[in-house]
Amino acid sequence: MKITEILKKDCIDLNLKSRDKESVIKELISLLIKREVVTDKEGFFNSVWEREKTYTTGIGMGIAIPHGKSRYVKHAAVAFGKSVQGVDFKSLDNKPAHLLFLIAVPEKSDELHLKLISALSRKLMHEEVRKSLYDADTPEKVLEALSKEV
Amino acid sequence: MSKRIVAVTACPTGIAHTYMAAEQLSMAAKKLEIEIKVETQGSVGKENKLTEEDIKAADAVIIAAATKVDKSRFAGKPVLEVSVEQAIKDAESVIKKALKMKKPIDFVEKVDEIHKEMKASRTGAYKHLMTGVSYMIPFVVAGGILIAISFAFGINAFQQEGSLPAALMQIGGDSAFALMVPILSGYIAYSIADRPGLVPGMVGGMLAVSTGAGFLGGIISGFLAGYTIEFLKKSIKLPKTLEGIMPVLVLPVLSSLIVGLLMIYGIGTPIKSIMTGLTNWLTGMSKTNAVLLGLILGLMMAFDMGGPVNKAAYTFATGLLASEIYAPMAAVMAAGMTPPLGLALATLIAKDRFTKEEIEAGKAAWVLGISFITEGAIPFAAADPFRVIPSIMVGSAVTGALSMLFGATLRVPHGGIFVLTIPNAVGNLAMYIISIIAGTVITALMIAILKKKIS
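The listed protein sequences derive, respectively, from chains A and C. Here the first sequence stands for residues 1250 to 1399, numbered as in our numbering. Here the second sequence stands for residues 320 to 774, numbered as in our numbering.
It is worth saying that the hints were derived from the structure and are not from the lab. Among these hints, one or two may not hold up.
[As the list claims (entries may be wrong)] Only pairs whose alpha carbons sit at most 25 Å apart, straight line, appear in this in silico BS3-like list of lysine-lysine:
no.: 1; chain 1: C; residue 1: Lys322; chain 2: C; residue 2: Lys419
no.: 2; chain 1: A; residue 1: Lys1364; chain 2: C; residue 2: Lys356
no.: 3; chain 1: C; residue 1: Lys322; chain 2: A; residue 2: Lys1357
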């Protein structure tokens, strides 16, 4: 299993421009639109936003993982973005989010992709992974940080 | 020996939080030198599933979930429930808190006991029946109340096409009630054979309705379907590569075929001849003793509530309306009202004989009873047929006989309490009402005596 199955280099943006939650999610969605993984920006945004309403995906530690299950998603994929100044994600620890993972999952997904995403979620819990993500200055380094065994 | 913890994590989409919480708990446990096993209930289904041994060996249970997690398997264990966020944010204190929770005394024994109980009830026919009944109750209540509301507009109001009462009748009678027996049958089979049981169970239930076998036929088809699936599962062995077609092709087709044919030829055909026989017999009876006829009509109305015997009595009485004979119709309707009314009364005077669910259903049974919707008694009868059916039969028989004795008459074939207010619809109204009350009280008393206490 390889992280590159779900996270492509061109879906990594190391310098996100948006300052608020709504627009940063949309900015990340655009990355997936470009790759034609997501077919409808508004449609997918709505399911992410709905999910966000139940409780925030800003899990603290500078991380947010907005995600949505939607019929506008062709196959499971991830977009990653870094925000230097941080985005207020109403996170659990009230601190801004700097590392943002947008996860897109179709209504029906194959197990392999879902397992990759669950493995990714698990990895983010490890401090050394987060540290290498903060330090990563190229998409290659991001992928490398996420490929490391923990 | 280090402490052991088992945990379950789950979140609505099952995409990220489930796994993050699991990882945080595992990391924190490692740090605290505690053994942990975390079951994740996410989008891929249950992973790292907790076994009975895992749970038995655990000192505490942590459930970090934003969705419903089944807790029954943790009975006897200290269980700490937290939100998924809490587990992500501060797994360490969650674990510490869980370990501080008090263990129920002798929890090992208790777990074993519950386990044994579960096993015993799992195989018991009673458990299967109760599963079917508990799924059926809301259908009976929804359908019955909507039909009653339709009657409230006037007993014939539903015949006006396109009107609200007609719509209510279509929702309650043609839809909710039509599902009642298939649901009962389907979930009996489901309880026996899990998911594959649903198809033959529901199909068999539909056939019980269409062949006129009623809810008793539905109980038969439910058990038939459940055990047919069990039998097929055991006797058909497919090569590994073809195993996938078992649940989608082999089991549903074969089981529906078997159950369906048995229902049509084994049950449907005899039922037809029973109906014809009963109708002829009743016609003969009508010439002899009126009170005896009332008694028999009462027994028949309560026996299967919408099944062939009930239908024979009802059809017989409505048939007589055309010949301007109105007394049997009065007896039939009164006897059809007392089963739900009697049960409703019983849930009040003998609360310890009923489950909570049944006591709630008892409230709806009042409305169904006064509306002459005999089906209101079915959930109770299906749950405990050998005690409830004789009780309601006795009550209905008394009501039927009294109604005939008092010479009560009824000129319309349905409507329950709503017809009592229509001038001239009922003859000898006061005594008619007394007949109904008498049967209701007798039914309730019989049930209170016969039914066992629920421990």
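Which hints, by number, does the structure contradict?
-> 3
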